[in-house]
Structure formats: structure tokens, C-alpha cells
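Each protein sequence line maps, in turn, to chains A and B. Each residue of the first sequence is one higher than the last, beginning at 1 in our numbering. Each residue of the second sequence is one higher than the last, beginning at 1 in our numbering.
Where hints are given, some of them may not hold.
Here are some of the chain B residues that sit facing chain A, going by a computed Cβ distance under 8 angstroms [claimed, not checked]:
| no. | residue |
| --- | --- |
| 1 | 47 |
| 2 | 50 |
| 3 | 67 |
| 4 | 110 |
| 5 | 279 |
| 6 | 280 |
| 7 | 716 |
| 8 | 718 |
| 9 | 721 |
| 10 | 847 |
| 11 | 848 |
| 12 | 927 |
| 13 | 930 |
These aren't lab readings, by the way, just hints derived from the structure by calculation. Quick reminder that beta carbons are idealized off the backbone N, C-alpha and C, glycines included.
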Amino acid sequence: MYISDFNYLRPRHLQEAIDILDKSPDGILLAGGTDLLVEIKKGLRKPKEIISLTQVKELKEITSDNNNLYIGAGATHNEIINSQIVNKFYPVIALACSKIGSEQVRNSATIGGNLCTGASCCDSAPVLIAVGASVEVHNATDVKTIPLKDFFVFNKLTVLKKNEIVTRVIVPLPKSGTGTHYEKLGLREAASISVVSVAVKIESDGVKCINASVIIGAVAPTPRISEKATNAITGKNIKDILNNTEILEQAGQGASDDSIPISDIRGGAQYRRDILKVLTKRAIIQAIQSITK
Amino acid sequence: MKRLINLNVNGVDYEVAVKTGATLLNTLRDELKLTGTKKNCELGDCGACTIILDGKAVNSCIILAIEADGKKILTIEGLAKGEELHPIQQAFIEKGAIQCGYCTPGMIMRTKAFLDEYPDATIEETKKVLSGNLCRCTGYTKIIEAVDTAKDYIKGKERKKIEFHSQKSAVNLSVVGKRFPKIDSPDKSTGRALFTDDITLPNMIYGKLLLSPVAHANIKSIDTSAALKLPGVKAILTGDDVPDVTWGTSPARYDEYILAKKKVRFVGDVVAAVAAVDEETCYKAIELIKVEYEELPAVFDPFEAMKDGAPRLFDDKYENNINTHVDHHFGDIEKGFAEADHIREERFAGNRTYQNPMEPHCSIAEWDRHGRVTLYTATQVVHYVHHQLSRILDLPLGNIRVIMTNCGGGFGCKAATNTIEIMSIFLAKETGCPVKMRFNREEMYLFGRGRHKQYIDLKIGVKKDGTITAVKQKAVLEGGAYSSFGIVSTYYAGSMLPTLYKFDNFKYDGYRVNTNLPPCGAFRGHGCPHPRFAFESLLSMIADDIGMDHVEIRLKNAMTPEYHTCNDLDIHSCEFKACIEEVRKKSGWDKKKGKLPKGRGIGIGCGGFVSGAGYPIYRSKFPHSNAMIKVEEDGSKAVLFIGDADIGQGSDTVLAMAACEAMGISLDRIAVVSADSDLTPIGFGAYSSRVTLMGGNASKMAGEEVKKQIFSSASELMKIDADKLDAKENKVFVKEHPETFIKWEEAAFNFFSKRGPLLGKGHYSPPEGLGGTYKGAAVGTSPAYSFSATVCEVEVDMETGKVKVLNFWDAHDCGTAINPMLAEGQAEGAVLMGMSEVLFENEIFDNKGKMLNADLHNYLIATSADVPDIHSTLVDSFEPEGPYGAKEIGEGATLPILGALANAITDAIGARIFELPVTPEKVMEAIRNNT
């Protein structure tokens, strides 16, 4: 277990990082390193050039304006968990970030890194997709935003191109009457990978669920929108969702139907489908209960 | 090319040249020589390397040194101010939160960063925050207590008084029975304690092993030429370069070669060894060695392996891959079942688990100019390593010195010689340099020697009143590729069943079967936990069948003192019933059993173990434990030299306490030198829970010999007959007139001045003739047996199957606890390890025999966030054969847990799970099948 020497570059500013990346034939971006360095140590990657983003201050910022919450890609999970701005608008994002790894990992690992690793069991993505987040992506000539729902291609694969940097996550501010929740099943209480996860967002006009989003994690090659679960609750009366078990059952079943899980060391495919139903129902109930007046 | 970076570490500015690939952990340890920060998983999963970087706790193993350029770092070495310990360190020491000490620096640094930020943290927050720091010894309970105490100390609050009632047998003793902190804990809390990997010798190089990537194959050729050309490579050895000698653990089954000779038998079998200037070069050289394998059919399932025509691991032995077969019959099994009113038979299966001590195996070998070998190693058993090396190297014991450094936990995986102990010596001989070898976590799993997975068919017959009339057991142990401790494991799987409950008719068929997987060996409770899980489960099922309470059926059959079992084992002291009654009362059993809501459950399980094996692993007449005490010429300190190994369980402290009690001095007047074959007389080491009783007796005897000489000296000074004197608390006094005394050291000084060195020696051998005369009768014999009972309460999520353990109430008959705080620490550690094995642990292999979860990321062990409330009690007991009445607790305390937890889960969900581990998936399946 070792890390071979590589060419190391440490830009101080975003533009410098973008320029270096553009010119580097096989440079790999290093953020918190909690995934990348593990992969290198296991011999899965052998980078010749590493471009460290840890000194790029722009990537650390967490801000908001009238429309959006902006989370710098270089913000660590603990910085997000402890951010007043994040907790003001989206405590559910802090909740999802708190489910990742250990305290030590959350002190190093960044949200940008978590997303760009592209794991299907990624804890931050389902919530962010549910609340309609996008990532801002820079290259030497261009800036674009990619809705996070379109970001993931396959397990450990994203749409990101070689010369692109994710600079921040843009989250539209919640409308009033929005409720969200994140549920996850890990095999032990802490520091465990999701067997199944689900994020739910519900927008209510006070009576009805006028808009919803149910995102399922660790049950497909990417975090995935469950159309069926989403449709099962959209347009329904909030009270009915809570009291009419049939709607919840439909939502749970819908999430399960939309999943394409595999069997692995953490659980069988059928178990994942079964548990997804349960977690989806729970997340919907919790999301409704979290709706702020 | 290296780069210069600036680090401020513990307030000191360093300018260091580092490679770009160097981790911060390696830079701290190798460049700055700050070895207090420990290297364990290397992948950010365990927290052993936790440091504080710019105020944040981080894993230094997955941070590049270059990324820390210009930053402020605090390591464990920077916490104490000179001799003044930090309040967190103080609390860890006082509360018994330190056992092996390998996780301790990381745990303390994590706590420091946490309490800096949250000085008023709650217990629940503490459990959550510490969950990234794995500990395998303590069960986290005392660590959580220590963090809570540290909060008070930081705020300047006074030490809280502990309410503690002495056991009756310890009331009149002055050292034994007291809750003293471990004598090595100050060193372990400050990072000063040296583990093997912390040692660097001049001109030292490094070694690594090339392991087989295939499960079963003939080696056609090995080409080392490209690897040898790599700059920095010093030597490469293959099977052709090492003696044609087999080695192992039990003499009847020495079946491993030092390096594979023409054949590999599992993914992880040792093919070649490389020595080079650093580990990185070793790894690169290994990648350059070309091995041509001719793959053979492999077999991974023991039942498949036993079939005629199955692939054979050994052509010349172990027909049908049956490595060991035990066929025991005591009493009359037919008659026993004929007498039964109710008979039930069920099949159970255990899981393949690994000890996972926090410290990876590490050895440093020196082959010096005079042909004398020195080995520093993290081992439980210096003597057995010494003995095995003598065989392999064909050298007398006197030409080899084996030194145990601090050992960061073992639980059985360091209880015999290992490959790097052997290969570091061969590489040192080949290169003329000291060679350090170290397993990484994956290599630890592949070297293996973990728990055998057992498949158990168990049949029990009872009368209407619950009296057991007959027990029939068949166990198939999946053994992996080599024997290791396996013969003993197979015998233990049967022999310990009759020691807990009384029954006269017992039949046991045991099979240990070789498979193309890593070898299994001895793991805490050696061979017994799975049979005990099966027995405790079936006993509760039978109780339900006949309408009897689970506690009552146990009391009905419970072992009592001075009993001769059907398989010729002799039980002496036994307070088993008191243990059962205690947990029944404390848990509120009578109010809870059968009355808890669905999803909530309570269960009881029991167990016990030997206090040391009655016979050694190889035939020898040597006493099992031996001690020497040398008193300094001024009488200010006694030094205890003992061969037995403190692997974190605290034996140095316990044995010192026994010696102090015997000599009449206080614990601050003793120092311990242990487990160094040159300095200490042989001790068989830390296995089979033998050290407290055997090492304790040897230390006590040595202490008594010193005391006798102290009395003769004092008698001259006090002008009174020696037999009228007694010694306690550093005073020698007249028994009838305690106010008439001289200082102990005065008597010692006088002795030395007139007669030269004041020395004592002691030794212990188990009573002769233990056990029966049948084949295998030796396994299960012991001078004394421990007993434990545990009640467990759980809450199960009926929709996901996730189990949350709420409480363990455990009671133990360990005789007199020499140090009750350390005994509790053993019990708490055993409870959590047992719980972890039941709920989380299992080695998983693909269909080619490659282990899929050989790291701490995917092989889950319990964290602090999983810790239930553990309520341990030590019942009053006295074992005449033990020192001051002491017996074992370390392994016996594990045994009740599996059954107690399984029974509690059954109570909660209304269905039983017969195979470990009890995963949420299996729980859901059981619930589904039950409805």
C-alpha cells in the first residue's frame, strides 16, 4: 500500500486551477482526498499529476442570495453541517452530510468530492437532487450549470469531462410549505455505507402536495429519481398521504419498482427493494412533518 | 524529487523534505520520529492515526504531507505539558479506558478536538463522535466514561468518588482487589509506549510478502529477475531458498511451508518475500515478480470438500480433506435419549470472523555477527515463537532472543508464530541488515487464524422438569487451508459443553475440514462460542417447548462446585447459579420476559471457559508460568520478570499486584519486565485465558520467597522470631503488635548488605493428571473454570430488521478479581466483541476464493455508536487453585453473548435465526417466514 510520486500542483485561485487543469494532459483533481488517496493506495489509480484544490478559497464559500443557496465544492461535510446558512434553508442537507463516514472523514471530505466520485451510494446526492440542485462547472472557456439529476451516468462515472471543475452546488431556496427528509439504512449505527437510501421533498400549498420529488440511492448504478413514487404523492391531499395507507403503499411500491438494485456484500437485491418501500414511506411522513408553515 | 515543506508540530517548526506521495502519517512517524500517532488501516477507516490539523481532527493516513504545508499540527506527543498530563489523558488512565493502547493516541486526539469544540457534550454525542475511532479491546464503555470524566477535569471539577464494593475474598487484602489503573497506561496515553512498528534500528530495511492471487495452483515458475533489478531491492526469497521444513501450531499437524513449495492453497498463501530499502520499493518489486500458476480446482465449502472426488488440498494426508476428526462418547447416549420426555434437534451455523486487533502484526529481525538472532515482535506467546523458530532455524533456544514489545491486542491471531516473524529472520540473514516486516490490514485477514465457521447439529433431551438427559452434537468446522490451532479448536468445540450444565450422556462428532480459504485458528473462546450459541439457543427453545422459564431451565441444570463432568473434567469453585440469579434480578427478567411489546425482546445466555489449558501445545515438562523478582539494593523497588505477555489485557498490572500483595509492598514499588526470552523465564504466554491464574501463582510464589527473606532480615533487625512477622503496605510488623514495625526497604537493604541479591523465584504447573485417558482428553482440562451469565435486551425495527441492542446485564464468576476495574474492562470488551460478531461480522469470499471485505471499511466491527448499556457484576467467589482466589474472565465473558443476543432477538421478533451473523436481511426473512 503506497502512493507513488506524482507531479503536484497547488493553485491558489480558481482561474489558476482551471488553467492548470486545461493544460495538464492527465491531471487529477484532489479535494479532501478521502476517496482518491484510498483508491491510489489500493492500486486502482496511478495518477502522474495531481492538482490540489485545497488552497482555492473560492471553492470553500457557502453563501446565499434571494434565489439560491450556494455551497462551494470545496466545503467539507462538517463545514456544511455546521453552516448557519445551510441549516437556515436546508437542514436536510446537513442531515445527509452527517451520514457520511466518520467525523475525521467529514472534516476532510468535500461535497464536490463526494459528488464527483459518483458512487451510487453517495449520501449527499439524493437530497440535493430532490431539492433541485445543480452543479456549476467551469472549464477554460466556459461556465455551465448541470442539474444534478443529469450529472450521474453510472456507478463511479459522471458527465464531467477531463478539463472541467465542479465549483459549487447551487440549490434553489425552498418555497414556503416545503418539507424534506433523508432516510438511510446502514449496517451499523455510524460510519457505514448505505444499503438503501431515499430523499424526499414535498411542496405543499397547505392542503395538497403540489410538487414532490423522491430520489432513491444505492439501489441503481446512480442515485435515481423514482417517478412512480413521486407521482404517487404529487397532487394528493397532505392529510390523505399521512392517513391513507394506500397512497403511502403506492409510493413505497413505486420506489421499489423504480429501483434496479444489485446483490452485494451489504445486502441482497430483494432485501433492498423491500427496505426501500419502508424507507420511502418513512421519508415521506418525515418530510411532511418537517413542512414549515 | 522531494519537496521542502514547513510543518508546525506541537509548537515546533519543522522544515521537512517529503516525496509528493508521502502521507502525513508516514512523515510524522518516519521523518519526525513522532511514533505516538499509530499506523493501522491506512485507509481512513479506523482513526488510529487521528491528529489535529488546524484545529480539526483528521485521519493522517489519507492526507498528503505536502497538503499540510504551512499548517499547525497537534499530535499525542504535544498534549502533556512535561510531566503534567492533559486532563483527557488523566481521565483515560483513571477510568481504565486504555487496554492495548494502540487506538488510544487517536482516540485521545479525537476527544481533544471534540471537547475543545463541545465542552458540554452529552454521552450520546460522545458515542457518535468517537465512532470513527475503532477499539477492539474495551467495548468503548470505559472510554465513554473517561470522556465524560475528562469534561469535568477540564472544567477543574474534583474527581468523583467511585462507589465500589469489594468482593468478600478481597476485603482483607491491601493490593489485590483494588481498582488500580494499568501500570502501562501513562505511557500508552502519551504515545511513549513503543510498539514494534515504532522501532527503527540503524541500517534497517523492510520486507514484504508476495501472496498468491489464486486459490489453488501448482507453481510452474517464478521469475524474480525484473524485481531484482529494481533499485533498492536487497533480496528476494522463494520456496527454493528456504529450508524444507514444515511448521505450524500443533506438532501433530505441522503442514505449512515457510514459503510455498510448488503449490499454493488459498488466495493469500505465501509465495515469495522481498527485502528493500523501504516498503514502497518492496511493493513495487512484488509487482515485478512473475509467477506462472497452473490452476487447480478449488473447494470452499466444507461439505463439498468432504465428498469423494473433491479437490484435495494435500495429496499425502487429510483424506476427504478431513484435517481432524473427533469421535467422543461419554455415558450412554441411547439410554439418555430414552429417558427424555422431550427431545429436540436443530442445525445452527456460525460465521467466519476475524480477531481484528487494532495493531497489525509487525516484526523486526536482526541476524547479528555471532549468529545469534534477535526478533522484536507483536506476539501473545513469546515462548511458542521462540520454540518454533528454534525448530525452523535449527538453532538452540539460547541462540535466539524473542522480545515482545507492546502488543496492540491479539484475541488469538497472535497466539502462534506467523510468517513475518519467520521471514524477517531469513531476510535479515540474507541481507545482513535488520529487517522490519508488517502486515497491512488486508494481509492480516489473509494470514487469517480467525474463528472457524462451525455447522452444528445439536440434539438435546430433557425430562418434563427440564433436567437434561442427553446431548448429541455434530460439528463441522470450515478450517481453511492449513491446520494452525485447528485440532484443538475441534476438540474444544465439544469438550466445553459439559462444563456449564450437568449431563451424563454426551456424544460429540467433530470434523475439521480443509478448504482453499485462509486458515482458521484460535479466536477468543477458542472453538466454543458457536457450539455455545447453538446450545443456549436450543435450550431456550426446549424451555418454550415444555413451558418452562428460560432462567429456570438453566438453574435446574446449572453446574455446582466440586463436580466431575461426564468427559472427566473437574470443576472446583463454581458460582454459576449466583451469576444467573444476579442477571435475573438486575435485568428485571421476571417482569419483562414474555411481557415486552412486539419488536422488543429479552434473552439469556450463559458460558464459561478454562483458566488456562491444563497441558501445553507441545509436550514439555516445563512449568507453565515462571517468575523472578529482583529487589533493588536499597529496597526502593522490586522488579518482576515474567515470561507471560501483556497484550493489553493488563497482565503486567495484575501479576505485579499479586507479587506486591505477596511481598507486602504497594503497587508503586514494583516494575515489570515481561515477555523477553533473554530476560524473563519462560511463560507460555497469553492464550487460553491462562495468565491471571498461572502467571499470578508464579508471581505470588516469587513474592512469597522474597517476603520470607525480608522476614529473616527484619527478624535480625527487630530481634524477634521471623514467624511472628507480617508485611503489608511497605512495613514489616509484628503480627500481634502492628505498631511495632520497620520499613520494608530497611529490611531489604539489610538483607542485600549482608547476603547479596534479594531475589525470589516462582513457578506454576497445573495439578498433575488433569483429565481422562481417552484420545483428546487434554483439551478442556484446566486448574479452574470461569462461569458467566448474561441477559440481553434488544429493540428490533420490524420493518427493516435492524437490531438495536439496549442493554447487557452480565455477571461473572472469575473468582477473586485481582483488579476489578481491569476485569470489568475484559467483560465489557468481550460483550461488545460478541455483539459485534453476532450482528456485523463475516468474512465474505467470491467464487474464486478471494476475500471481498478484507478491510475495516467493508468488514464492519462495532463502533462506539453501537454501544449499549453494559451492566457488569463480579459475583463473590474464591478459587483455591488461583492466586488469592482468582480465575479467568477474558474469554469466558464472550461465550454467553451470542446466545443471549440471539435469544433476545427471537423474543423480539417471534422467530429464530439459526445462522450468524444476524443481519437485518436475515431478520426480515425470519419475520416473513413466521407470518
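> For this structure, which hints from the list above don't hold up?
Replying inline: 7, 8, 9, 10, 11, 12, 13
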